[in-house]
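Peer 1: The chain contents come next:
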Amino acid sequence: MIGTEFTDRLREEMRHATAGVPAPAGLVRRARRGRRRRIVTRVGAACAAAAVAVAGAAVASQGTSRDPGAYTTAFVVRHVESAVAAAGTDEIAYLHAANGLRDLWLYGGPQGQSARTALFSPAGQLAGEVGYTVTTAGLDTTTVVSFATKTWWQRSYQGSPPQAPKPSCDSFLGIISLNSSLADVVADIRQGLACGALKDEGTQYVDGINALKLVSVQTLRLSPDTDAAGATVTRTLWVDPATYLPVRMATTSTSPSLVGTTWDIKWLPPTSANLALLTVTIPPGFTRVAPPH
Amino acid sequence: MLRDAVVVTWAADLSDAELERFWAEHGGHLLRAAVLLTGSREAGEDLLQAAMERVLAEWSAIEGDPEPHVRRAIYRLAAHGWRGGGGRHASREQVRRANGGIRPGGGVELVQLLLRLPPGQRAAIVLLYWEELAESEAGDVLGCSAGTVRSAAADGLRRLERSYLRSSHLALG
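Respectively, the protein sequence lines represent chains A and B. Just so you know, the first sequence maps onto residues 5 to 297 in the numbering used here. Just so you know, the second sequence maps onto residues 7 to 179 in the numbering used here.
These aren't lab readings, by the way, just hints derived from the structure by calculation. Treat the hints with care, since some could be wrong.
As the list claims (entries may be wrong) - Okay, the calculated beta carbon distance ranges per label pair: (1) A/Ser160 x B/Glu64: 32 to 42 Å; (2) A/Gln162 x B/Ala140: 50 to 60 Å; (3) B/Cys150 x A/Val221: 23 to 33 Å; (4) B/Gly87 x A/Pro288: 58 to 68 Å; (5) A/Ala280 x B/Thr154: 46 to 56 Å; (6) B/Ala63 x A/Lys270: 20 to 30 Å; (7) A/Leu281 x B/Gly87: 41 to 51 Å; (8) B/Gly153 x A/Ala246: 45 to 55 Å.
As the list claims (entries may be wrong) - Okay, the calculated bits of chain B under chain A, using three or more residues with CB under 8 Å as the criterion: (9) 41-47; (10) 141-155; (11) 158-171.
By construction, the Cβ of each residue, glycine as well, lies at the ideal position given by its N, Cα and C atoms.
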């Protein structure tokens, strides 16, 4: 029988050995990232073997029957949604417009949403930059640099704490604008996957990646007095089978008021160097002016 | 089915604030348990991260307090010989290299000798003598009976005491 003196000493040593050990910052974030990598590693292997057996997966689009192609689409979509949701808080998205007119860097980190847009002329020259941040407390700051006039302005105002876009098939989150956040982009992708009729269109090479191509066609259920009411929006996603993150997305619409574009996408880890890409740099010699009313 | 899957996924995202709150309240204690089970801060963080990854997969389906789920994941991973840190019996050399161990002139750290126990015995001892759970509660955490916890802890304590006495003798001799 072990004496109480021994067990008391053991208790004391264990308490002493762990006194003051704080919860490490960032561990939860690492766990989310780690979980996503493990999921996509397993899923990537399964898809490569082209022998997906998903128990209980039902396909929700267009009443298709339970054929292997239908299972694969639902399987892929589920993991795209999971990957995109995680990337919305864990990664920086770099979007390059196929028409060459815009580059975007978007991030939804612990401090809030950050975005930087570089605007180019048709000739390919940098015409301006727009920086946009909204903290979790609702402090909204916009910075605009004009290379044509060599001026810049900045405006901040205290708004309400931002809410994540509410996913709903009765609204259209869509077209990426200068005020779009990564949360908006993620919500739009997920809206397309949830609300549109989905079709797996096989694979296509994008930037050296044999990407899975998913097409979603959504008829907008908007108020009849809106321009785009009843319009059809077609979202095409090209998805990296290794990560289930989109590497390209294209949006088109039958409504002239919804002008979509095609974006090539890269997902970057939030290192210090990459986070610096989110900040608008004021070029030396530029004059600060008052923000427009 | 697809719409339900999307709703579940969105629900998981809407609980991010809840996840952060949980971490602020419980993260320190859970890490301390992981450090005791693995013998170092670094290995403890790895074990805790592995446990969190498992629980995150079911976060949105958890009803009530998620803390018991994370605690169960930590202890079960550790008790089943989780590879990432301290899952195997620590070698004598590992014990010496760790802080403490056998110091010349006396002073054997029991908590370092804990690392030399089989993982199941180590986990039972930490649950009973640091978490101060009852045997039945410890059994719930480890997924075994109270009797199994009792005998694992008793075997572990006997080994610890023998190691301690031998090490003390060596330190003094």
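Peer 1: Now tell me, hint by hint, if it's right for this structure.
Peer 2: Structure-based check of all given hints:
1. A/Ser160 x B/Glu64: 32 to 42 Å: 41 Å, holds
2. A/Gln162 x B/Ala140: 50 to 60 Å: With a Cβ separation near 52 Å, A/Gln162 and B/Ala140 satisfy 50 to 60 Å, so the hint holds.
3. B/Cys150 x A/Val221: 23 to 33 Å: Distance hint for B/Cys150, A/Val221 is violated at roughly 53 Å.
4. B/Gly87 x A/Pro288: 58 to 68 Å: 60 Å, holds
5. A/Ala280 x B/Thr154: 46 to 56 Å: Given range 46 to 56 Å: holds, Cβ gap about 54 Å.
6. B/Ala63 x A/Lys270: 20 to 30 Å: Hint holds: Cβ distance 27 Å, inside 20 to 30 Å.
7. A/Leu281 x B/Gly87: 41 to 51 Å: 43 Å, holds
8. B/Gly153 x A/Ala246: 45 to 55 Å: 48 Å, holds
9. 41-47: holds (count 3)
10. 141-155: With 0 residues in contact (Cβ-Cβ under 8 Å with chain A), the coverage given for the region 141-155 of chain B is violated.
11. 158-171: holds (count 6)
Checked against the numbered hints given earlier, this structure breaks hints 3, 10; the rest are met.
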